[in-house]
Amino acid sequence: MENIRRSYPGLIVLGILAVIALMAPLISTHDPVKVSLGEPDQTPSLNHPFGTDYLGRDLFSRVLYGTRVSMLVGISAAALTVFLGLLIGLTAGYFGGIVDSVLMRLVDTIYSPPETILLMVLVTIFERNVWSIILAIAFTHWLSTARLVRSETLSIRQRPFVESAISLGAKDSYVIFRHIMPNLLYIAVVSVTLMTAHAILTESFLSFLGLGIPPHLPSWGNMLNEAQRDIMRGIWWTTIFPGLMIVITVLSINLLGEELKTRLAPNREMRAEL
Amino acid sequence: MELDSGLARYIIRRALQIPPLLFGITILAFLIFYLSPVNPVVAYLGMTTVQKMPAEDIAKVEEQLGLDKPAYERYLLWLEHIAQGDWGFSYILKRPVLDVILERFPATLLLTFTGYGLSMVLGVVMGLASAKREGSPLDRFLHHLNYILYSTPTFLAALLAMLVFAVWLGWLPSSRMISVNEPVTFWAYNLDRIRHIILPASVLAVSHLAVFYTYIRSSLLEAMREDYIVTARAKGLDERTILYRHALRNSLLPFVTQIGLAIPLLIGGSVIVESIFAWPGIGKLTYDAALRADYMLLMGMTLFTSLLVIIGNLMADVAYAILDPRVKYN
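So the sequence lines, in the order shown, correspond to chains S and G.
Each step along the first sequence adds one to the number in our numbering, with nothing skipped, and position 196 is 196.
Each step along the second sequence adds one to the number in our numbering, with nothing skipped, and position 258 is 1258.
Note that these hints are calculated values from the structure, not bench results.
Hints are not guaranteed to be accurate.
Claimed, not checked - Pairs of lysine to any residue residues, derived as SDA-like cross-links and limited to a Cα-Cα distance of at most 20 angstroms, are as follows: (1) S:K261 <-> G:K1060; (2) S:K261 <-> G:Y1215; (3) S:K261 <-> G:A1210; (4) S:K261 <-> G:Y1150; (5) S:K261 <-> G:S1218; (6) S:K261 <-> G:V1211; (7) S:K261 <-> G:H1144; (8) S:K261 <-> G:N1146; (9) G:K1094 <-> G:L1076; (10) S:K261 <-> G:H1143; (11) S:K261 <-> G:I1148.
As the list claims (entries may be wrong) - Some chain G residues close to chain S (C-beta under 7 angstroms, calculated; not the full set): (12) G1024; (13) T1026; (14) L1156; (15) A1157; (16) L1252.
Backbone N, C-alpha and C fix where the C-beta goes; we use that ideal spot for every residue, glycine too.
Make the full structure from the sequences, and use the hints.
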């Protein structure tokens, strides 16, 4: 336990955030979407620890519920991203030849437009809901994982234990699942962790611009989108609290990711690649 | 400087990778719009215009766009237009897409170069301070600060900067490139412009600082372990000379590729910063286009920014190959 506390400070904070996300209805003091026009723009007080927004909604409760939305989107998008990256990278690296060339040209092509621009195009032209945001994030982020998995697969495929398995007549599926996948597991674990941080940032960025999660859902990005109008009037609490939550969450995930990277990567070169 | 034939061949081979990539990007852009539920006539003219149009006019546009033809013919038709510089019509601005993008581009260049330059200088200074004594309190402090910066979204930094420096302290203007009442004298005019660029450029600089700092720090520390540093020490050179003349020079070389690789991030950053500070560049343009579903403008921006990224990468690779004689061309 002592060991965990020292090595994984990020994990502890994430545990607390997970509890917050799961128990949001129990911890929150008010209904997060209930408008109370009689008490708009209130400074933080005992009744409203984080103050209220321009519609008099309780920010503390909104921030708590926001944890749910942000975590859900972050984790699902990261899982889907890494799954895509593994699938394409493994296929390209294992089968090589024309399959590899085609898939890697596809990666090069999607890599060319800047991620932000491609994301904005995708969320504009397709119908916008939580799932389409997750899909858009996954579509624009799987490329680096695919490249990494491909190059690892290429090198594993040439190792003696894989070559002997193939020469003994093992089926492709056997070689992939028995010999190659286990050696890629650490990439998947580290990538999912770091990608979750990235996906949370991306979601909050899109929502902040008004292009992300539908505005009726209290996500941190949506709250900051509404906070924009408050800034010029010197109202700071609508920005500070959701903003702080994003920084704390992303920071702890990144810390956890770094720790996992140091522990799981087989050598320094791989650590730099991840 | 004489270009040796190996280098020349490398540059040519590298440049030859561009046309297929461009071809791929046009296919990607076309496919996204082809598969989307967007009506091409609406995309071309905008919903408000289409609603007011008589049916026969719509039919005429449909024929012009080749909507009755199969997908590959439509693609080729579109490609022909793109090649001729006809990138479609932005309906929110009622002007040709390419004209608008090229007109807005200099503002983005100005902001990006200022912010990026600031970021590089800060990154090198902080990296040097860290690498001078690895593990010192200063190094640890910068390392932690860097983690926090890396986890802070750019838009949050922008909002906080605006709150503190524009609203609370009132030192700097919070939006636009120049005051509504443009100052007339030369000095007042330029001072006004400088006052307007400080906030957005600083936010852009801070948002890229973490990447630069980490890069410079680790490559400096790596360089300090090299044989030529040991040799320099053995010759009795002082640590300052070793750090600045030997380690820094060699660490800055691979930095060139970093600059090329950062272009997509820079464009992403400019979308956020320009939208928040109402800076009239291509980032703000993209944001406006996305909010009001100006598909042609979005498509144009996809092509334009892809082109920037490809050219940036090529230039970085070539510069690196010229600067570092150890690079093997393969």
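Going down the list of hints, with the structure as the test:
Among the hinted pairs, S:K261 with G:K1060 is inconsistent with the structure: their alpha-carbon atoms are about 59 angstroms apart, more than 20 angstroms. As the CA atoms of S:K261 and G:Y1215 are separated by approximately 17 angstroms, the hinted pair is consistent with the 20 angstroms bound. Only pairs whose Cα atoms come within 20 angstroms are accepted, and S:K261 paired with G:A1210 is accepted, the gap being roughly 19 angstroms. A hinted pair counts as satisfied when its Cα atoms are at most 20 angstroms apart, and S:K261 with G:Y1150 qualifies at roughly 17 angstroms.
With a CA separation close to 16 angstroms, the supplied pair S:K261 and G:S1218 stays within the 20 angstroms bound. Between S:K261 and G:V1211 the CA atoms are separated by roughly 18 angstroms; this keeps the pair inside 20 angstroms, and the hint holds. At most 20 angstroms may separate the alpha-carbon atoms for a hinted pair to count; S:K261 and G:H1144 meet this at roughly 18 angstroms. Proposed proximity of S:K261 and G:N1146 is supported: the alpha carbons are some 18 angstroms apart, at most 20 angstroms.
Note on G:K1094 and G:L1076: the hinted pairing is violated, with a Cα-Cα distance of about 25 angstroms set against a maximum of 20 angstroms. Between S:K261 and G:H1143 the alpha-carbon distance is near 17 angstroms, which keeps this suggested pair within the 20 angstroms criterion. With a C-alpha separation of about 18 angstroms, the suggested pairing of S:K261 with G:I1148 holds against the 20 angstroms cut-off. The beta carbon of G:G1024 comes within 4 angstroms of a beta carbon in chain S, closer than 7 angstroms, and the hint placing it at the interface holds.
Annotation: G:T1026 was flagged as interfacial toward chain S, and the flag is violated, the nearest CB pair being 10 angstroms apart, outside 7 angstroms. Given the 7 angstroms rule on beta carbons, the hint for G:L1156 holds: about 4 angstroms separates it from the nearest Cβ of chain S. Using the Cβ-Cβ criterion of 7 angstroms, the hint placing G:A1157 at the interface with chain S is not satisfied: the shortest such distance is roughly 9 angstroms. Checking G:L1252 against chain S by beta carbon gives a least distance of about 18 angstroms; that is not within 7 angstroms, so the hint is violated.
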